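Please arrange chain D on chain G, whose structure you already have, making use of the hints.
From first to last, the protein sequence lines are chains G and D. The first sequence begins at 1 in UniProt numbering and counts up by one. The second sequence begins at 1 in UniProt numbering and counts up by one.
Hint data in this document are derived by calculation from the structure and do not stem from the laboratory. Predicted, not measured: the structure shown is a model, and the values here were computed from it. Please note: incorrect hints may appear among the correct ones.
To be verified - With a Cα cut of at most 25 Å, we get these calculated DSS-like pairs of lysine-lysine:
id, chain 1, residue 1, chain 2, residue 2
1, G, Lys196, G, Lys159
2, G, Lys165, G, Lys196
3, G, Lys220, G, Lys89
4, D, Lys31, D, Lys187
5, D, Lys59, G, Lys102
6, G, Lys165, G, Lys51
7, G, Lys228, G, Lys196
8, G, Lys89, G, Lys196
9, D, Lys4, D, Lys141
10, G, Lys102, D, Lys120
11, D, Lys70, G, Lys102
12, G, Lys102, D, Lys187
13, G, Lys228, G, Lys165
14, D, Lys116, G, Lys102
15, D, Lys59, D, Lys70
16, G, Lys176, G, Lys18
17, G, Lys165, G, Lys18
18, D, Lys70, G, Lys92
Residues per chain, in single letters:
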Amino acid sequence: MGDSQYSFSLTTFSPSGKLVQIEHALTAVGSGQTSLGIKAANGVVIATEKKLPSILVDETSVQKIQALTPNIGVVYSGMGPDFRVLVRKSRKQAQQYFRLYKEHIPVTQLVRETAAVMQEFTQSGGVRPFGVSLLIAGYDDNGPQLYQVDPSGSYFSWKASAMGKNVSNAKTFLEKRYTEDMELDDAIHTAILTLKEGYEGQISSNNIEIGIIRPDREFKVLSPSEIKDFLEEVE
Amino acid sequence: MVGKNCFAIASDRRLGVQLQTIATDFQRVFKIHDKLYIGLSGLATDAQTLYQRLVFRHKLYQLREERDMKPETFASLVSAILYERRFGPYFCQPVIAGLGENDEPFICTMDCIGAKELAKDFVVSGTSSESLYGACESMYKPNMEPEELFETVSQALMASVDRDCLAGWGGHVFIVTPTEVQERVVKGRMD
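Excised from the complex, chain G in its bound form (with noise of 0.2 Å):
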């Protein structure tokens, strides 16, 4: 490719106008394990698939849901380990804000300064930008609210939105599937028909994850049999 040679140094742009490292997290990205989130009238869901490499791996070590404060939850694709850098830096950043003004973090507020952090790592000397987008989900005053964060910084508000392998397809169906007025039951429910659409094999309550928030405003990661009980629904 012509840019090839910009790829060395993050910090210079391509002459087609692209930082082509950037380029490169996307693609790491795109080849991560599914992800998903769906926003509801009265809640927020988001799932990911949870394959480990043997099964001989004990799942109840690997989280990849995590929550940012009491009302914020988030999920990735890509690298776990630059997510769990990211998960660190933003609960710091949640406190600070608590410590200054005695008031649990705004959902945009949160996402802004995470995104802050992405984009200092695409602009500074000797590090290399987080090869993760993030899928936060959150439920404050102003109601259910659900952004993605992608390496570049550069963060969206979504009704519904996917990220990893089979993006394209999982974005279909639930452009297929999405309504304005969802109760989020049935956004559990279209998110685990949207997992199981791509997923190689049999889905199951152990390999994945997902994390909900309703209208008392505590994130939660469902249990195995939680989610038990959801796929019994779903089939």
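The following block gives chain D in isolation, referenced to the frame of chain G:
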């Protein structure tokens, strides 16, 4: 002082250096937004600088979050800013008054290093604070309408500053309700 769905915030108008009176129209009560006022007593230069810093922080907050700050949030911010200077403090005691969610009145005061003190009825600060505590305590009634609140606050302020040689030269009273703000200058003993 808190009234029924309204609050009053008032100050005297003297600016002095120990015994010499420099100005008799000094403003000590500042507006942060339509439903939030802060009064700063103590060293005049610190009061002015602190006010400028707080307006700066509030304007940035308004731009980022696209809303006004709630009074409780603002009080926490002031407390944090004062404590940042724990070992070289601003020599001011703020009095914060605002209408919060559902236009509930909120008042609080703090010392010069940010120890918040919330109250449901009235808060005072300044050189005449001891007289003010006494006057407010005896004159305060809960659920006063704006007109009665104005009378009470003016009487309490004038009575207290008259007994204090470092305060006085008139009073400046703001009555804030959900729909309007009345600003009045009270004539008092000019000495």
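In rising order, the numbers of the hints this structure does not comply with
8, 12, 16
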